[in-house]
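*Asks:* The chain contents come next:
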Amino acid sequence: MRPTHFFPLALTALLAITACGSTGTSTPTGNTTELTVWHYWDGNNAQVFERLAKDYERAHPRIALKIVTVPGADLLTKLQTAAASRTLPDVAIGDLVWVPRLAATGRLADLKPHIPASTWNDIYPEMLKFGSSGGKQLSIPVSANTLATMINTDLYAKAGLDPAKPPKTWEELSAAAATIKDKTGKPGFELYTQPGDSGEGVTWNFQVNLWQAGGEFLTPDNTKAAFNSEAGRKALGFWVDLIREGASPLGPWGAFEKGAAASAQEGSWMVGIWKDKPPFPFAAAPIPYPADGEPATNMGGEQAVVFSTSPHVKDAAAFLGWFSDQSLGWSKATGFLPTRRSVAGGADYLGSLDPLMKPFVEALPTARARPATPLYPKVSMAFAKEVEQAVHGKKTVDAALADAEREVNAILAAG
Amino acid sequence: MPQVRVPASRGGRLSLAQRAQRVRRARRARRGGDGWAAALCLAPALTVIGLFVVYPIVATGRLSLTTWDGASPEQVFAGLANYVRMAGDPEFRNSLLVTVLYGLGVTVLGVASGLGLAVLLNAPLRGLALYRGIFFLPVVTSSIAVATVWKYLFGQDGPMGGLTGLNWLGDPYLALLSLTLLTVWKQLGLNVVLYLTALQAIPPQLYEAAALDGAGGWQRLRRITVPLLAPMTFFVIIEGLIATFQGFDLVYALTQGGPLGGTEVLGFLVYRTAFSSGEFGYAATIAYAGFALVFGLSWLQWRLGGRSQWS
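The listed protein sequences derive, respectively, from chains A and B. Number 55 in our numbering belongs to position 55 of the first sequence; there are no gaps in the numbering. Number 275 in our numbering belongs to position 275 of the second sequence; there are no gaps in the numbering.
By construction, these hints were calculated from the structure, which means they are not laboratory data. In this text the structure is predicted, and so the values were computed from the model without any measurement. Each residue gets a CB set at the ideal place from its N, CA and C atoms; glycine is no exception. Watch out, some of these pointers could steer you wrong.
Stated by the list, open to error - Partial list, derived from the structure: chain B residues whose beta carbon lies under 7 Å from chain A:
1. Q18
2. G170
3. Q256
Bound-form chain A, shown alone:
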């Protein structure tokens, strides 16, 4: 061998070594089993999570947990790369809408047999929908958030309305918005009207009104659109009327957050973000629903999965079952909503709850899951574009829903 070949060889060797070093699969050292966990929490949430991991290690000396923070936007991409290069971690915790996409890779382990039935029964059933697949449970919910109405109490007071008695129905909301417009010149309730880069801002807010009116977004098997219904027309008609009456601005999202609109549908995380420095005095309230409808909200949050490539599926699932049991302390320390019904309804949690969080927690039993299909991102965008056509008056409510139905059905049929 000629000496000139030394460098490529050395480089290859170096790459091989570093590649081995960066693999996520666990290596049992002696009697301990190491579990690698990828998550995207940062700041306080990450610290609380690592503290809990230490607690688990103390109680289970046989287990060593390797907690790795991956920045939010990179996690899904990194998991996909890792799946291709067979360097998946044992556990990953990410946004619940990713679960169907990860499940489609066929590399998620069934957690059902490894976690007690009492745990599964205590988790909100809607949250389990994201990971449920043919009798298997491929993910376990570990945190939640919901939507509720947030109110700029200054603007409410200026309009002569009592922020402590917010509108309860769509009809009351329209009336309140008219008063606010009249007295302050500002819109009373901001709708999310621009699809932006994903459409989800429009779609997930709209689904709340659709469910409230008694509608469904897709059919139960996620193969066809179900929103082109009486309820769909009612919900979209409600939006179009709000825009026409000037109750909502027609522009980029953010008017309420800038103090330029009196109320909006916001996520529970906003309470934490605004806790120390609120831009204006605010209150939270349940989302108004039609007088002949039912309360509903949408949910977000994180769910944990175990990869079937892990040699320690059982140990990993046991850790996640334990983590789920920490719902009380975890929710209190982070501001996430509990995933366990016994916690969310318990005096321990409710007693220490920030009153601003109450409407969000109370909405949990009415929180609905978005369709668990890997095609959801495409569906969401196509749907949002048609809603936009309707709120701009470019299409009638009926035409927009019919066009959306045709497009969504085409996406679902193409697979």
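Once you have looked at the hints, place chain B on chain A.
*Replies:* Okay, now just chain B, sitting in the frame of chain A:
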């Protein structure tokens, strides 16, 4: 009988000098000395160009023939299916139209404002350096930051919205106008500097002679300044077109392509298709269309006027 001429370069009849040159070249090639030296000198540049220009172009081209979703380990070959889909895609057609309008607006306004301001700043003013610095500031400021400020300015509750009573970011045409104005403003400083450089290269004798012949200010501008600045105008136009056809950051922060797709330029459509809808293969196809467009426009510009000025 017309004589049939065989082009010399095709190897028919060669002149004596050409033959001698060929022989010299062949000898040099056999010795190989110059070739190695040339290769060595070119290697760094070729490596960089190959890695960061040629490879991405080839890789994107390959990707545009697949239905890859950005996640699957395997990339399924789909032939020209993506190109067929693009030809009939109303979103792509809208995006193309928006991009062309945006490009036209930015170049026309960019040339006019850049030239106008440069002529003004070319005068012996007090605090000239300060003005030049101020006009250059937007160029070096973060796109996301300036777009966020403009989003506030053009919002319904912002100064522009309040002043004009218009819903700038809620109407597709006004939103495109806002985006165009923002882009022109952002690039203004650069265009001014470019034009100033070119202005200072124009010999003052020309103006003096024209003035002696009785040419007024407007005539001097039209007959001397503008024609002599043509090469720079060509450059400013090309630069404006490329910036708009590849534009993404300002759109992302100002309008996210909305409303009603009114500002969905190609760069943003590519991003949305790839990263939100998870259609990397199709996004690569759209990116290729944008690439072809920039390439074609540059070539056209080159043919129409630039070449004679630059060579």
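*Asks:* Please check whether Q256 (chain B) passes as an interface residue: C-beta within 7 Å of a C-beta belonging to chain A.
*Replies:* 4 Å, holds
*Asks:* For the restraint on Q18 (chain B), tell me whether the closest CB of chain A is nearer than 7 Å.
*Replies:* Cβ of Q18 (chain B) sits 41 Å from chain A, so the hint is violated.
*Asks:* Next item in the hint list is G170 (chain B). Is there a CB on chain A closer than 7 Å to its CB?
*Replies:* 4 Å, holds
Against the hints set out earlier in the document, a violation occurs for number 1 only.
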